[in-house]
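**Student:** Going line by line, the protein sequences match chains A and B. Residues 1 to 669 (our numbering) are what the first sequence spells out, left to right. Residues 1001 to 1163 (our numbering) are what the second sequence spells out, left to right.
Just to be clear, a hint being listed does not mean it is correct.
As the list claims (entries may be wrong) - Facing chain B, from chain A, some residues (calculated, C-beta under 10 Å):
1) Gln387
2) Glu434
3) Ser478
4) Asn526
5) Lys527
Since the hints were made in silico from the structure, they are not lab data. From the three backbone atoms N, C-alpha and C, an ideal C-beta is built for every residue, glycine too.
As a plain string of letters, each chain reads:
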Amino acid sequence: MNRPVIICADDEPDVLNAIVRDIRSICGDKIDVEGCITPSELFDVAERARADQRHVPIFLVDYALHGMNGGDLLLQLQEDTYYRKSMKLILSARATSDDLTRILNRGALNGNLRKPWKLQDLTRTIRFLLTEYTIHNAPELIEDLTELLDVEMLSHALVDSEMRVKDLGQKMKKLQRSFLEDLGKPDREVEDGMIAHLDEALGYPDRQQLERGAVFLREGDEVDGIWIILEGRVSLFRIIEGREVIFHSQTSGRIIGLLALATRRRSFFHARAATPITMLKISTRDLDKALQRDPQLPVSFISVLMRSMAARNRRAVELQMEVLSLNETLAREKDNLDQALRDLKQTQTLLVETEKMATLGQMSAGIAHELNNPVAAICRSAEYIRQDLVTLMSSVPACTWIGDMIEESIRRKPVSTREQRQLRSELANAIGDEQLAQRLVQAGISDKATFDGILARLPRDEQDHGIDCIERCSQIGSAIRNVNSCAERIAGLVKSLRSYIRSDETRVHDIDVHEGIEDTLLLFSNKLRDITVDRDYNDVPRIEGNPGELNQVWTNLISNAIQAMNGRGTLTVSTGALDGNRIMVAIQDSGPGIPPEHIDRIFDVKFTTRQGRVEFGLGLGLPICRNIVTRHHGTIHAESKPGQTRFVVTLPIHSPEESATEEQTGAAT
Amino acid sequence: MNKVVILCVEDESEVRDAIQRDLAPFAGTFRIECSEDVDDARSVIGEAEDAGDRVGLILCDHMLPGKNGVEFLVDLHREPAHRPIRKVLITGQAGHEDTIKAINEADLQHYIAKPWSPEDLQAVVRKQLTDYVLAEEENLLPYVSILDGNRLMEAISHRRSDT
């Protein structure tokens, strides 16, 4: 804050310097002192002080200023509200008392200092004026200027002001004949006051005593008065879903029936004596009477009413807060539970699916094994039938050709239906009988020369019968051929199924990923009919792992690819060795691609773009793939753009733990 | 005389042989044609029509290379000329949805699951062909011995009394 400034004016420089020096010596560094030669200079300095918001506690002006009478100068300052508060001091050698009186009477003079002055007088005057100024206009400066001020004056002023405050308080109190007066009093005192007034007004009505536990008011009762509890405590409760819920026990207050009274309704609570109680029942009519009789009663009654209501309201707010925080806790717990449930469900789905695949694997392995015997028997039986038939026919000279014919049709390659029709129409043209041509072509005789050759071998009257025979031979032959080829197909399926499943669940060290992929492709062959499979196989070392699980990965990826291409397109399978200890398998399809917004979620459980249609255990396929690959310490990721989606799996050649053990062993030896 | 054709669409030759053999009882009265895919089946239908014959019954596998059986049957059903053809799906692999589609959109008359028994196959073929000739043929007599004789005789006497 800017220091206060004392402004002095004297047209004699020597005098001015002397007075300024003296005042400075009195005020030290607490107050600035400015000296001016002319009135206009004084106004300038004063103006600056105003601009800087500085206090000007004192103007000291020579009476006989050059150009302007000091008295007039002070009067002019007095006109200005900012300077009006300042103490004004005249320095004079010869001013008449008339002059001074004129200024004094207009309130523009606070002191007169005679020239030549004594420092002692000057000090006293300055001190007085400063004190006077600060007490009335700048109390905030008192602390800072204490040493310059008159302590006695200050303490008088203090006493004075205290007196004034006290006086004011008393006046206020007198004014406050209202219930506000009671605000500072303890509850008990106010309540007792009210009861005394009531007693007086109603002629000391009888007190009622109640045992602890007695219920004297029920929720829903019509209320025609109030109960004032003189001794003991009441609890207020409601019955909610068959249970008592206590709303107030410490906060019931001493007036019961408040809510009903306030709203003129039925009772809001049950009221029960929580301790033995003494109480006063006052009917609404009596209450009314009392309130009218005693002018002091309404004040204390309202006061008690307010206090009770306030207490109950506080309790209600507390209850509300409790409910809120309880709700928050509940909501948090519910969220946690929901999350836990979701996690559990995910895990469960994954487990069920893994378990299902494992069971399916074991079952398939069992079935595959069981199929081997019948397949072997079928193959052998077909072969026996062939051998026995040929041997049998050879033993009858006339029938040797039948055996030959059967053998021939077993060896015959099946022709396409188109070719068959072509041959048939040619033969029909040649022999002129379409139906016969069909039978012959079916029997493997597709040109007229062969047919004529056969006819020539048959006796003329047995030609029809002979053609029947030829047809039958051919049918026997193709039946045996079909049995063989079908049995072979079954055997092939069984073989791939078994190597695919590899029922032993333990890790093996020499997995050829190409074998696993090929087995999988074979099992999918019927779905791959319209799909071009490009194999970009490179030299890949054998790796360590669980072959059954890895096959599950290929199955899921290939099945997804087929599905994505809707059964038509190009499937590219590439393999390769990476940096000497990892291998890579990539399965790529030419389907529409996975939208970028989905690609991050495809490995999540329950994410499927096929709208819940689960085929071949899919929908969980990718999460399971990722599980398996992670267990093998490998990685799996997808990259996709329209027309090209690629899943890349990398796998270590040795599992990390295993190689760590090896290293340790190596270091030890 | 022009004949009614039974067309069997099946891509595996072994299965084709077996169906054809099971259809042998119908061979004299009807012309039995086989094809291994949908394109081939189209040529058979074309050739038969060129020769003045008409296809009365199709026994169709579902899993075929190229267009599948249900799609083929649905297409045929949309062509007015081929609408009267009786359609039977004979398959081990059609899923629920494909079958429903065939029934709803191709007016599929029957579904035979593989493996089939020859008696069942023959009964289905007999019933379907009877339906076909009753609806499409003027002269029913040639079929009496091989198809459902009772129904045919009844129809014949009915038709006579009508005229």
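**Student:** Which numbered hints does this structure break?
**Tutor:** 1
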